[in-house]
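Novice: Sequence:
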Amino acid sequence: MESTHAVGTPESRVEPSLEASLRKFNDAFNRFDAKEVASCWVEGGTLISPMGEMGRGRSGVETTYRHDCESLLQGTTSRFSIQSVRHLGGDLAFLDLDHEIQNARLPSGGKGTLKVHVAILAQRSGSGWQWVDARPYLFASPPPSVH
Numbered sequence: 028m029e030s031t032h033a034v035g036t037p038e039s040r041v042e043p044s045l046e047a048s049l050r051k052f053n054d055a056f057n058r059f060d061a062k063e064v065a066s067c068w069v070e071g072g073t074l075i076s077p078m079g080e081m082g083r084g085r086s087g088v089e090t091t092y093r094h095d096c097e098s099l100l101q102g103t104t105s106r107f108s109i110q111s112v113r114h115l116g117g118d119l120a121f122l123d124l125d126h127e128i129q130n131a132r133l134p135s136g137g138k139g140t141l142k143v144h145v146a147i148l149a150q151r152s153g154s155g156w157q158w159v160d161a162r163p164y165l166f167a168s169p170p171p172s173v174h
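In the numbering used here, the protein residues as written are 28 to 174.
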């Protein structure tokens, strides 16, 4: 059955299989289970952490995520939510996720909620999805206005 959506058109309804794959990932992420988090990637996938560390392949993703657990993520709880999905034809989809990190160490030195954006290329795998490439990042603060 062909999709009625053009390639790159965001869909208003997220497939239950994508939601289920994201829940599995989110659960492993909050348990700080680096091996299970890495299993959410395809074998040759990549992750570039917000700190700029590149993880290539599942073992690289596992190492990069583990480093984030030891620094940025220590003592936190995360919640991921899908903001948009663009099916790219075949079994690929581009996801925009919001990642809310509670109890995070903020740039100000205090603790609070940190909001991160994650761009993910996902590939259908059986009845679920795996991440091909993931790019979490923070938006820059706007510069002070000049008067």
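Be a bit skeptical, because a hint or two may be false.
Capping the alpha-carbon separation at 27 angstroms, the derived lysine-lysine pairs in DSSO-like fashion look like this [said to hold, decoys possible]:
no.	residue 1	residue 2
1	LYS51	LYS62
2	LYS142	LYS62
3	LYS142	LYS51
Label-pair ranges, simulated between beta-carbon atoms [said to hold, decoys possible]:
no.	residue 1	residue 2	range
4	PHE166	PHE59	35 to 45 angstroms
5	ASN57	GLU80	30 to 40 angstroms
6	SER172	GLY116	15 to 25 angstroms
7	TYR164	SER135	35 to 45 angstroms
The hints are simulated quantities; they were obtained by calculation from the structure and are not laboratory data.
We put the CB at the ideal spot given by N, CA and C, even for glycine.
Novice: Next step is simple, just say for each hint if it's right about the structure.
Specialist: Checked hints:
no.: 1; hint: LYS51 - LYS62; result: 13 angstroms, holds
no.: 2; hint: LYS142 - LYS62; result: 24 angstroms, holds
no.: 3; hint: LYS142 - LYS51; result: 20 angstroms, holds
no.: 4; hint: PHE166 - PHE59: 35 to 45 angstroms; result: 25 angstroms, violated
no.: 5; hint: ASN57 - GLU80: 30 to 40 angstroms; result: 20 angstroms, violated
no.: 6; hint: SER172 - GLY116: 15 to 25 angstroms; result: 43 angstroms, violated
no.: 7; hint: TYR164 - SER135: 35 to 45 angstroms; result: 19 angstroms, violated
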